[in-house]
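Participant: Guided by the hints, dock chains B and C onto chain A, whose structure is given.
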Amino acid sequence: MERYDLIVAGAGPAGLSAAIEAAKRGLRVIVFDENEKPGGQLFKQIHKFFGSKEDKAKIRGFKIGKDLLEEANKCGVEVVLNAIVIGLYLDKEVTVKIGDGIQHFKGDTLIVATGASENMVTFDGWTLPGVIGAGAAQTMMNLHHLKPGNRILMLGSGNVGLVVSFQLMQAGCEVVALVDAAPKVGGYGVHASKIARCGVPFYLSHTIIKAEGEQFVNGVIIGEVDSSWEMISGTQKHFDVDTICLAVGLSPMSQLLKMAGCHMKDTPGGYIPECDEKGATSVPGIFVAGDVSGIEEASSAMIEGRISGIAAAEYLGFIDKEELKKSIEKQEKALISLREGMFAPENRGRSIKKTEEGIDVSINLLKKGYIEETEIERFPGFTKCKGVHPVIECTQNIPCNPCQEACVKKCIKIGEKITSLPAIDETKECIGCGMCVASCSGQAIFLVNEEYEQGYAAITLPYEFLPLPEVGSQGKALDRSGKEICAAKIIDVKTKKAFDYTHLITMKVPADMSRKARFFVNSRRCEDE
Amino acid sequence: MSKLKERMSGIGEFMSQPDDQLIICRCEEITKGEIRKAVHDGMFTMTEIRRYLRTGMGLCQGLTCASMVKRIVARELLISSMELEPAVSRAPMRPVEMKIFGNEEKEVK
Amino acid sequence: MGNCADVVIIGSGIIGNSTAYYLAKQGCSVIVLEKSNHIGNGGSSRNGGGVRQSGRDIRELPLAMYGVKNLWPTLSEELEMDVEYYQEGNLRLGKTDEHINILQGLTDKAVSSGLDVQMIDGFRAKEICPYLSDEVIGASWCPTDGHANPMLATLAYYRKARQLGVRFITGEDAVEIRKIRGKARQVVTSKTIYEGETIILAAGYDSRKIASTTGIDIPMTQAALEVLVTEAQAPMFYQMLGTAKADFYGHQSTHGSFVFGGSSGYEDMNKDNGMPVTTSITASCICRGIMKYFPCLEDVKIVRVWAGWIDVCVDHVPVISKVEEVPGLILACAFSGHGFGIAPTVGTLLSQLVVGEETVLDISELRYDRFRAKI
Numbered sequence: 001m002e003r004y005d006l007i008v009a010g011a012g013p014a015g016l017s018a019a020i021e022a023a024k025r026g027l028r029v030i031v032f033d034e035n036e037k038p039g040g041q042l043f044k045q046i047h048k049f050f051g052s053k054e055d056k057a058k059i060r061g062f063k064i065g066k067d068l069l070e071e072a073n074k075c076g077v078e079v080v081l082n083a084i085v086i087g088l089y090l091d092k093e094v095t096v097k098i099g100d101g102i103q104h105f106k107g108d109t110l111i112v113a114t115g116a117s118e119n120m121v122t123f124d125g126w127t128l129p130g131v132i133g134a135g136a137a138q139t140m141m142n143l144h145h146l147k148p149g150n151r152i153l154m155l156g157s158g159n160v161g162l163v164v165s166f167q168l169m170q171a172g173c174e175v176v177a178l179v180d181a182a183p184k185v186g187g188y189g190v191h192a193s194k195i196a197r198c199g200v201p202f203y204l205s206h207t208i209i210k211a212e213g214e215q216f217v218n219g220v221i222i223g224e225v226d227s228s229w230e231m232i233s234g235t236q237k238h239f240d241v242d243t244i245c246l247a248v249g250l251s252p253m254s255q256l257l258k259m260a261g262c263h264m265k266d267t268p269g270g271y272i273p274e275c276d277e278k279g280a281t282s283v284p285g286i287f288v289a290g291d292v293s294g295i296e297e298a299s300s301a302m303i304e305g306r307i308s309g310i311a312a313a314e315y316l317g318f319i320d321k322e323e324l325k326k327s328i329e330k331q332e333k334a335l336i337s338l339r340e341g342m343f344a345p346e347n348r349g350r351s352i353k354k355t356e357e358g359i360d361v362s363i364n365l366l367k368k369g370y371i372e373e374t375e376i377e378r379f380p381g382f383t384k385c386k387g388v389h390p391v392i393e394c395t396q397n398i399p400c401n402p403c404q405e406a407c408v409k410k411c412i413k414i415g416e417k418i419t420s421l422p423a424i425d426e427t428k429e430c431i432g433c434g435m436c437v438a439s440c441s442g443q444a445i446f447l448v449n450e451e452y453e454q455g456y457a458a459i460t461l462p463y464e465f466l467p468l469p470e471v472g473s474q475g476k477a478l479d480r481s482g483k484e485i486c487a488a489k490i491i492d493v494k495t496k497k498a499f500d501y502t503h504l505i506t507m508k509v510p511a512d513m514s515r516k517a518r519f520f521v522n523s524r525r526c527e528d529e
Numbered sequence: 001m002s003k004l005k006e007r008m009s010g011i012g013e014f015m016s017q018p019d020d021q022l023i024i025c026r027c028e029e030i031t032k033g034e035i036r037k038a039v040h041d042g043m044f045t046m047t048e049i050r051r052y053l054r055t056g057m058g059l060c061q062g063l064t065c066a067s068m069v070k071r072i073v074a075r076e077l078l079i080s081s082m083e084l085e086p087a088v089s090r091a092p093m094r095p096v097e098m099k100i101f102g103n104e105e106k107e108v109k
Numbered sequence: 001m002g003n004c005a006d007v008v009i010i011g012s013g014i015i016g017n018s019t020a021y022y023l024a025k026q027g028c029s030v031i032v033l034e035k036s037n038h039i040g041n042g043g044s045s046r047n048g049g050g051v052r053q054s055g056r057d058i059r060e061l062p063l064a065m066y067g068v069k070n071l072w073p074t075l076s077e078e079l080e081m082d083v084e085y086y087q088e089g090n091l092r093l094g095k096t097d098e099h100i101n102i103l104q105g106l107t108d109k110a111v112s113s114g115l116d117v118q119m120i121d122g123f124r125a126k127e128i129c130p131y132l133s134d135e136v137i138g139a140s141w142c143p144t145d146g147h148a149n150p151m152l153a154t155l156a157y158y159r160k161a162r163q164l165g166v167r168f169i170t171g172e173d174a175v176e177i178r179k180i181r182g183k184a185r186q187v188v189t190s191k192t193i194y195e196g197e198t199i200i201l202a203a204g205y206d207s208r209k210i211a212s213t214t215g216i217d218i219p220m221t222q223a224a225l226e227v228l229v230t231e232a233q234a235p236m237f238y239q240m241l242g243t244a245k246a247d248f249y250g251h252q253s254t255h256g257s258f259v260f261g262g263s264s265g266y267e268d269m270n271k272d273n274g275m276p277v278t279t280s281i282t283a284s285c286i287c288r289g290i291m292k293y294f295p296c297l298e299d300v301k302i303v304r305v306w307a308g309w310i311d312v313c314v315d316h317v318p319v320i321s322k323v324e325e326v327p328g329l330i331l332a333c334a335f336s337g338h339g340f341g342i343a344p345t346v347g348t349l350l351s352q353l354v355v356g357e358e359t360v361l362d363i364s365e366l367r368y369d370r371f372r373a374k375i
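Quick mapping for you: the protein sequence lines, in order, are chains A, B and C. Here the numbering used here is used: the first residue of the first sequence is 1, the next is one more, and so on. Here the numbering used here is used: the first residue of the second sequence is 1, the next is one more, and so on. Here the numbering used here is used: the first residue of the third sequence is 1, the next is one more, and so on.
To be clear, the hints were calculated from the coordinates, so they are not data collected in a lab. None of these values were measured; they are calculated from a predicted model. Each hint should be verified, as a subset may be incorrect.
Okay, derived cross-link-like pairs now, DSS-like style, lysine-lysine, Cα gap no bigger than 30 Å in a straight line [unchecked claim]:
1) A:333 <-> A:410
2) A:258 <-> C:209
3) A:37 <-> C:301
4) B:32 <-> A:210
5) C:301 <-> B:32
6) C:209 <-> A:106
7) C:126 <-> C:109
8) A:333 <-> A:63
9) A:265 <-> A:325
10) A:258 <-> B:5
Pairwise CB distance ranges (calculated) [what the hints assert, rightly or not]:
11) B:11 <-> A:54: 51 to 57 Å
12) B:75 <-> A:210: 18 to 24 Å
13) B:11 <-> C:355: 55 to 61 Å
The C-beta atom is built at its ideal place from N, Cα and C for all residues, glycine as well.
Just chain A, with the same shape it has in the complex (with noise of 0.2 Å):
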């Protein structure tokens, strides 16, 4: 019988942060994975991470998973891929299947890493094909390269449903509308900001009615509801889609540690082990990390799985208590700045009035996913200077800072705390270099001229779509909602290596546009509609 003395199941940013620490203090570890990439939800992820450096934020998610695979293979983990952990048994014993047959393997501490299932609503017509969740949308289109559908709808207002409906739209797939019962957008309003300025309007206090269709979807009903949840006649509104994307949460797939006998308890988030901070079950040597223990980003899952590696090295004991100690601590208090700010684990239901600042919040973009304009000038990102300087749409309390990072003059502060909104330094200097606009993963810093000729104003945006426009293309400026404001034409188009893909076109608009336009399509696009 192969003994180790850590078994990992799960080689996504929980598992593999624990099979990291646990094999640099020593240990013998070996982790399995179902799929045949590793990273989890990570090799799927193609945005921006936020957070501080140390949470790798500006990389983009599959690049944090291939550089946690290079770590494990270097500190000698064992990554065994296509490999499922179908059974946790007594005597902490795990049956694998791996190719065709089943293998035995015994573990001295396990840690059980399996994330978590995308959860399901239920509406006349959900069982047709077409609807589908919104992670499995992401697989299908990040992983094997297959357009979902043509003309989506997206339900789910959480980050899952924003970022996803962006990577559809890069994936050339056309979002109609993004439909969420709740009354206000639940994700970051960075992510609603990047796909509401592309045209997708947003339907809060909206749910789906029916899909409709025989064979497939073909079309989609939704409609108001009112604060009980009660449908309110006459709202009803119509959409032809082929595609219904559910973004509805997530369940944690715990179902290994029910079978291997730990105390679980229910909770709305989900069916989870009782489990003590540093992630230890109430079965001895047998640990949990990551969304399995409670959904939140991945972020926090690479923390909490290098938490409970190190605490299933002292638990052999290959460290001692004052190395856990000491090595937990700062793991500690990196998690708790992650779960600061206004999507902090204790704010989830409330209703936050104002910024950590004292500024009141921007309502128009908990309803409809864009900033007004009138209260862009509330938040200290905003400020009017003479020559390019860096406009930073970015309005609420989230710990991310690499914006401050990026600028070399030191024109962006954010200051010790990550979670407070990044203000404008009038003092110093900008040279239009273009990095925070690239290093912003939400997209939502901007370098504004409104000199830049007589009467005309000069606009650098992020853009992260294929075709890039070219230099000298004429076409249309959108502002926050989407909408057609003014002709623009674009003057500048830079990719550059340290970028990351994210590429910055300038767009030149009247003068009396520069406070909104924030958006550029082709001449081209504008016709066929």
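Facilitator: Here is chains B and C on its own, set in the frame of chain A:
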């Protein structure tokens, strides 16, 4: 006595609803109406519902329908969803062909 | 709601539920107490569903034959719920001469008890079930055996009994049966006390612990068996299957899934964590056993494996009897892994014992005080 345990509990008569035809357990094609009716037949726990109707016994082993079934049963019992036990978990975590299951590597690889 | 009734039954498995039903039909008031939170959570929901007469000890064979003749064929109709009863016969398969000898022995015993069992060769076996491996050289064949769905049958009895006014209470753990003035009258649970003219103890393995509070011992142990369930397949065959050396047993259900039970050889010693748990080796062992006889099933997917205990009486037949030393107490337990097929009969018999009718069958061989030392 807790409603769940006294099986003669008054939970009202079964009244059909307009969405009773909605399929809830896709794998086994069980409808909302069937689930609601089962509660009135005396099935007060998720385990009994599962054995009575086969919800959660299909290929996905309840990954898709479990929480939806729970909500429907809880509503019919006039209790909160948290008062019902969640789904069971059984090996194998994913369906495995018999010949693979029987092909146990006896020696260390 | 008072805690008194004509009959208090401990255990809501198929024995308890069928008895409750037959008693309610006779007009008795009944309370059924179930320790767990679920009706029928013990062996009744964890068995292979065999409704067989062949292979039974002569002492319980009449119960099986009675049920197959009088009760099972109309049970679905009577309970107004389909319990998926099939009477398509039982094939016990053999591949070697040793197997054939074992099967011949079982067949001879059955014939001498008046049961229609015959030995057939490999060709005839394949005529009955074309999916068999070519390596099968013979089988014992009992055309009147069959199978049903134990979960549905248990819940069907529960549903009908409940409709007839039987009061079921779950989460009620019976800890003691108490005599009042020389007669067993009270069932003490961790919460309260129930009272009845008659008390029926049908609580599976726990019956031993509860019976001991009246000074009665039922010599039984537990063994852990496992069952695998496959994904649904197109209808292939509906015979009940088994093998000479008990590699596996099972059938194809109405749903289309195959339900196959078996063990690793360590069933008497398997650990658990309070509930029956599957082991890491049993399912693979059962698969290999199945594929030896049904190679055509090798690509069929197993969707789950579950475990259950059988309550094995020292002489492998149940205790179904009044207890004269404890007037008012009736025992119905230790079914040793074959209680399901005789459950309707047992329910009928128990209801007759309660109301004082002469039982349709003689069950004196199954008395509680039959156990003797070896010398």
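Participant: Confirm or reject each hint.
Facilitator: Each hint tested on the structure:
Only pairs whose Cα atoms come within 30 Å are accepted, and residue 333 (chain A) paired with residue 410 (chain A) is accepted, the gap being roughly 26 Å. Restraint check for residue 258 (chain A) and residue 209 (chain C): satisfied, since their Cα atoms lie roughly 28 Å apart, inside the 30 Å limit. For the given pair, residue 37 (chain A) sits about 24 Å from residue 301 (chain C) by alpha-carbon distance, which is consistent with the 30 Å threshold. At most 30 Å may separate the alpha-carbon atoms for a hinted pair to count; residue 32 (chain B) and residue 210 (chain A) meet this at roughly 16 Å.
Of the pairs offered as hints, the one joining residue 301 (chain C) and residue 32 (chain B) holds, with about 28 Å between alpha carbons and a cut-off of 30 Å not exceeded. Proximity of residue 209 (chain C) to residue 106 (chain A) is assessed by CA-CA distance (about 36 Å); at most 30 Å being required, the pair is judged violated. A distance of roughly 24 Å separates the Cα atoms of residue 126 (chain C) and residue 109 (chain C); the hinted pair therefore holds under the 30 Å criterion. Distance hint between residue 333 (chain A) and residue 63 (chain A) is fulfilled; the C-alpha atoms sit about 25 Å from each other, no more than 30 Å.
With a C-alpha separation of about 27 Å, the suggested pairing of residue 265 (chain A) with residue 325 (chain A) holds against the 30 Å cut-off. Distance restraint check for residue 258 (chain A) and residue 5 (chain B): the Cα-Cα separation of roughly 24 Å lies within the 30 Å cut-off, and the hinted pair is therefore satisfied. At roughly 54 Å, the beta carbons of residue 11 (chain B) and residue 54 (chain A) sit within the given window of 51 to 57 Å. Residue 75 (chain B) and residue 210 (chain A) have their C-beta atoms about 21 Å apart, which keeps the hinted 18 to 24 Å range intact.
Checked against the hint of 55 to 61 Å, the C-beta distance between residue 11 (chain B) and residue 355 (chain C) comes to roughly 32 Å, which is inconsistent with it.
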